[in-house]
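Below are the chains, spelled out letter by letter.
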Amino acid sequence: MKNVSDQKGKGRKAVDESSGSIGTTSNPSQEVKRKILVVGKDYAFSNGVVDYAANLSQRLGYDIIAMSVNPALSTSGKFFSPYNQHLRGKFTQRAQEAWVPVASELASQGIKSEHVVKFEGLAGAIKDLNHEVKRIDFVITDSGIKDQEITGEIPLPVFSISGYQGEKVMAQEHHETANRGKLITRTIGLGLASAALYAAVFTNSATVMKYFTKGGIFAALPIVTVFAFSFVHASFASNLWSLLGIEAAKKVQPRVAPKRPAPRKRPRPQLHLDA
Amino acid sequence: MQDVASSVNFIDLTLMSILFLFVVGFIGGLVSGFIGSGGAFVLTPGMMSLGVPGTVAVASNMCHKFPKAMVGAYKRWKYGQVDIKLGLVMAASAGIGVWVGIQIQEMILAKWGQSGSNLYVSASFVVILVVVGGYVFYDAMKTGKSGSEEKTCALALWLQSINLPPMMHFKTANVRISMWFTIPVGFATGMLAATIAVGGFIGVPGMIYVVGAGGLVSSATELVIAFVMGFFGTIKWAMHGQVDIRLTLIILAGSLFGVQLGAIGTTYVKEHMVKVVMGSIMLIVAVSRGLAVPRYLTELKLISMSDSTLSILGTASFLIMCGALGFGALIILGAMWKAKRAETAAKIAGTAVL
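Residue numbers (the working numbering), protein chains in the order written: chain A, 1413 to 1687; chain B, 506 to 859.
None of these hints come from the bench; they were simulated from the model.
Just to be clear, a hint being listed does not mean it is correct.
[As the list claims (entries may be wrong)] In silico lysine-lysine, DSS-like type, Cα no more than 30 Å apart, as pairs:
{"no.": "1", "chain 1": "B", "residue 1": "Lys775", "chain 2": "B", "residue 2": "Lys845"}
{"no.": "2", "chain 1": "B", "residue 1": "Lys741", "chain 2": "B", "residue 2": "Lys845"}
{"no.": "3", "chain 1": "A", "residue 1": "Lys1558", "chain 2": "A", "residue 2": "Lys1445"}
{"no.": "4", "chain 1": "A", "residue 1": "Lys1622", "chain 2": "B", "residue 2": "Lys741"}
{"no.": "5", "chain 1": "B", "residue 1": "Lys845", "chain 2": "A", "residue 2": "Lys1594"}
{"no.": "6", "chain 1": "B", "residue 1": "Lys616", "chain 2": "A", "residue 2": "Lys1558"}
{"no.": "7", "chain 1": "A", "residue 1": "Lys1546", "chain 2": "A", "residue 2": "Lys1445"}
{"no.": "8", "chain 1": "B", "residue 1": "Lys656", "chain 2": "B", "residue 2": "Lys583"}
{"no.": "9", "chain 1": "A", "residue 1": "Lys1558", "chain 2": "A", "residue 2": "Lys1502"}
{"no.": "10", "chain 1": "B", "residue 1": "Lys583", "chain 2": "B", "residue 2": "Lys843"}
{"no.": "11", "chain 1": "B", "residue 1": "Lys775", "chain 2": "B", "residue 2": "Lys616"}
{"no.": "12", "chain 1": "A", "residue 1": "Lys1539", "chain 2": "B", "residue 2": "Lys676"}
{"no.": "13", "chain 1": "B", "residue 1": "Lys650", "chain 2": "A", "residue 2": "Lys1558"}
{"no.": "14", "chain 1": "A", "residue 1": "Lys1594", "chain 2": "A", "residue 2": "Lys1558"}
{"no.": "15", "chain 1": "B", "residue 1": "Lys647", "chain 2": "B", "residue 2": "Lys845"}
{"no.": "16", "chain 1": "A", "residue 1": "Lys1558", "chain 2": "B", "residue 2": "Lys775"}
{"no.": "17", "chain 1": "A", "residue 1": "Lys1594", "chain 2": "B", "residue 2": "Lys852"}
{"no.": "18", "chain 1": "B", "residue 1": "Lys583", "chain 2": "A", "residue 2": "Lys1594"}
{"no.": "19", "chain 1": "A", "residue 1": "Lys1546", "chain 2": "A", "residue 2": "Lys1502"}
{"no.": "20", "chain 1": "B", "residue 1": "Lys852", "chain 2": "A", "residue 2": "Lys1558"}
{"no.": "21", "chain 1": "A", "residue 1": "Lys1626", "chain 2": "B", "residue 2": "Lys741"}
{"no.": "22", "chain 1": "B", "residue 1": "Lys775", "chain 2": "B", "residue 2": "Lys647"}
{"no.": "23", "chain 1": "B", "residue 1": "Lys843", "chain 2": "B", "residue 2": "Lys775"}
{"no.": "24", "chain 1": "B", "residue 1": "Lys775", "chain 2": "B", "residue 2": "Lys650"}
{"no.": "25", "chain 1": "B", "residue 1": "Lys583", "chain 2": "A", "residue 2": "Lys1558"}
{"no.": "26", "chain 1": "B", "residue 1": "Lys590", "chain 2": "B", "residue 2": "Lys741"}
{"no.": "27", "chain 1": "B", "residue 1": "Lys583", "chain 2": "A", "residue 2": "Lys1539"}
{"no.": "28", "chain 1": "B", "residue 1": "Lys656", "chain 2": "B", "residue 2": "Lys845"}
{"no.": "29", "chain 1": "B", "residue 1": "Lys775", "chain 2": "A", "residue 2": "Lys1453"}
{"no.": "30", "chain 1": "A", "residue 1": "Lys1539", "chain 2": "B", "residue 2": "Lys590"}
{"no.": "31", "chain 1": "B", "residue 1": "Lys647", "chain 2": "A", "residue 2": "Lys1558"}
{"no.": "32", "chain 1": "B", "residue 1": "Lys676", "chain 2": "A", "residue 2": "Lys1453"}
In this text, all values refer to a predicted model and were calculated from it rather than measured experimentally.
Build the full structure now, drawing on both the sequences and the hints.
Encoded structure:
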């Protein structure tokens, strides 16, 4: 099995295939199968996502293409570029090593798989790969990836796995019920802290007013106080609203990575010769 | 400076005044979390009617405004509505606007005295709120009726097409416009803030109709401006020892609940609701300030009116001002309630299908 990875990251094609029992795809006449793209942010994939993808690809007769993405290493200044290269190399090596047993396991099940390493944002990596490798039908993200992390337009359906139970668990909306106990405790704690702060000021209001209105450098006192109060009291209020079931609507647009503005023509002064 | 502080009377708090401040703080917070500003125009006169001296009322109000705006801005930033760069550019130019606004105020005060200054403030209130508020309201109604998406207005599109370096690109607002058209909007916001204490009444419509940002982004970005201006304003007032921290904290207790509720509300409603709420509040406040004008005209001996009529007008003016805030809060809560119910109904329907 050979595993070439994309060390430079941007845009270069870095696909190879781990030879399954079917053989290589070097024969162009052979029909290219449809693929499931499995995306993980770590160098290794969780068992859950691998099992799920394997099950699915067996049933659908799809290939699997796995991509380890490390967005953290996507950019570096000029100065850190050699160090970044080193880190990329390490990540690639570990990712490849981790993929070897998975590939052979998949091969034994008769599933053809490929592995890619990319260093850029998740959405960008998926988009690029979709251009490079044809016939990706949908994307499954590993349990470490949150929905919010994939910003930008991806022309593919994205599913996510949560937990390690393989086929059983498709990601669901997080239900508050599980965290409700925690939320109640936190709200009460913050409420008490907020009450304590208020009590501290209002039981000593004479002293407080004396120093807080002195002016000059004492101006820092009221400002620091309102900051402290607003942190505690605002988190209390926020938790209380959540507890009462008042939360932002689900349709909240995640911060969309803005499109790169199209290159514009800038008007430049031009020399005309009126001959 | 310290002699100023010692000469100021800080009031004794009663249960009624605490309740009043808490409730107005909450409603004011709700409105400003939603439209980016508001609350100050009721709180300052409200505090003064409780017997708080004018400067202390302004200072304590400002000291509650910046942490409130910070919390609101953070919350709405999480919803992806805040354009921080636009906010900072606007805030910087607003700072200059505040300075110029204060100079003009002082000039008028020196020339025509307190009544002249009051008349100038009220007249600017009425003129600006009627013109700008009227347009915002008209635009909101138009969008609401046609049921279409919000469109960038022609003026903003035209200004964006002018290539006058340095050009600025605001990512969240998704606008590219020359710096020379952004700065005047911030400047006007600051001038208005120095004159009538609610800069957002120019800032938000300015960002919508001149810069070309959407209603949600504009109102969220206004919170950044409010934070920056409130923060520096508070430093100034606190150095003079004018902040009554007790009043500030009571208002804050209510407004931190309100501002988050208002911010959550923006995720439920259609974008033009920001304009509806803003336009209606501006128009009602304009009526309220209009009622205050005869008093100043009488004081300047331009017209004559009996004292009893003037005091009735004064009370009516204050009540209508409270009404403006209350009305805004009602629209917001109503819209949230409706949207929430629709969402729940959709969820139930969805479960039934499954």
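Do the hints match the structure? See the list:
1. B/Lys775 with B/Lys845: Roughly 12 Å between the alpha carbons, so the hint for B/Lys775 and B/Lys845 holds.
2. B/Lys741 with B/Lys845: violated, 42 Å
3. A/Lys1558 with A/Lys1445: holds, 29 Å
4. A/Lys1622 with B/Lys741: holds, 18 Å
5. B/Lys845 with A/Lys1594: holds, 25 Å
6. B/Lys616 with A/Lys1558: Judged against 30 Å, a Cα distance of about 63 Å means the pair is violated.
7. A/Lys1546 with A/Lys1445: Distance of about 9 Å is within 30 Å: holds.
8. B/Lys656 with B/Lys583: Since the Cα atoms of B/Lys656 and B/Lys583 sit roughly 24 Å apart, the hinted pair holds (cutoff 30 Å).
9. A/Lys1558 with A/Lys1502: holds, 25 Å
10. B/Lys583 with B/Lys843: Within the cut-off at roughly 23 Å; holds.
11. B/Lys775 with B/Lys616: Given that 30 Å is the threshold and the Cα spacing comes to 47 Å, the pair is violated.
12. A/Lys1539 with B/Lys676: With a Cα-Cα distance of about 21 Å, the restraint between A/Lys1539 and B/Lys676 holds, given a limit of 30 Å.
13. B/Lys650 with A/Lys1558: Violated - the C-alpha atoms of A/Lys1558 and B/Lys650 are around 39 Å apart, more than 30 Å.
14. A/Lys1594 with A/Lys1558: holds, 21 Å
15. B/Lys647 with B/Lys845: Status holds; Cα separation ~24 Å.
16. A/Lys1558 with B/Lys775: holds, 27 Å
17. A/Lys1594 with B/Lys852: holds, 25 Å
18. B/Lys583 with A/Lys1594: Answer holds: B/Lys583 to A/Lys1594 is near 22 Å, not above 30 Å.
19. A/Lys1546 with A/Lys1502: holds, 28 Å
20. B/Lys852 with A/Lys1558: OK: B/Lys852 and A/Lys1558 at ~23 Å, within 30 Å.
21. A/Lys1626 with B/Lys741: With a Cα-Cα distance of about 13 Å, the restraint between A/Lys1626 and B/Lys741 holds, given a limit of 30 Å.
22. B/Lys775 with B/Lys647: Given that 30 Å is the threshold and the Cα spacing comes to 14 Å, the pair holds.
23. B/Lys843 with B/Lys775: The hint holds at about 11 Å.
24. B/Lys775 with B/Lys650: Satisfied, since the Cα-Cα distance of roughly 12 Å is no more than 30 Å.
25. B/Lys583 with A/Lys1558: Holds - the C-alpha atoms of A/Lys1558 and B/Lys583 are around 15 Å apart, at most 30 Å.
26. B/Lys590 with B/Lys741: holds, 25 Å
27. B/Lys583 with A/Lys1539: Between B/Lys583 and A/Lys1539 the Cα gap is close to 25 Å, so the pair holds against 30 Å.
28. B/Lys656 with B/Lys845: Judged against 30 Å, a Cα distance of about 26 Å means the pair holds.
29. B/Lys775 with A/Lys1453: Judged against 30 Å, a Cα distance of about 36 Å means the pair is violated.
30. A/Lys1539 with B/Lys590: Holds, at roughly 28 Å.
31. B/Lys647 with A/Lys1558: violated, 39 Å
32. B/Lys676 with A/Lys1453: Measuring from Cα to Cα gives roughly 27 Å; hence the hint holds.
In terms of the numbered hints stated before, the structure departs from hints 2, 6, 11, 13, 29, 31, listed from lowest to highest.
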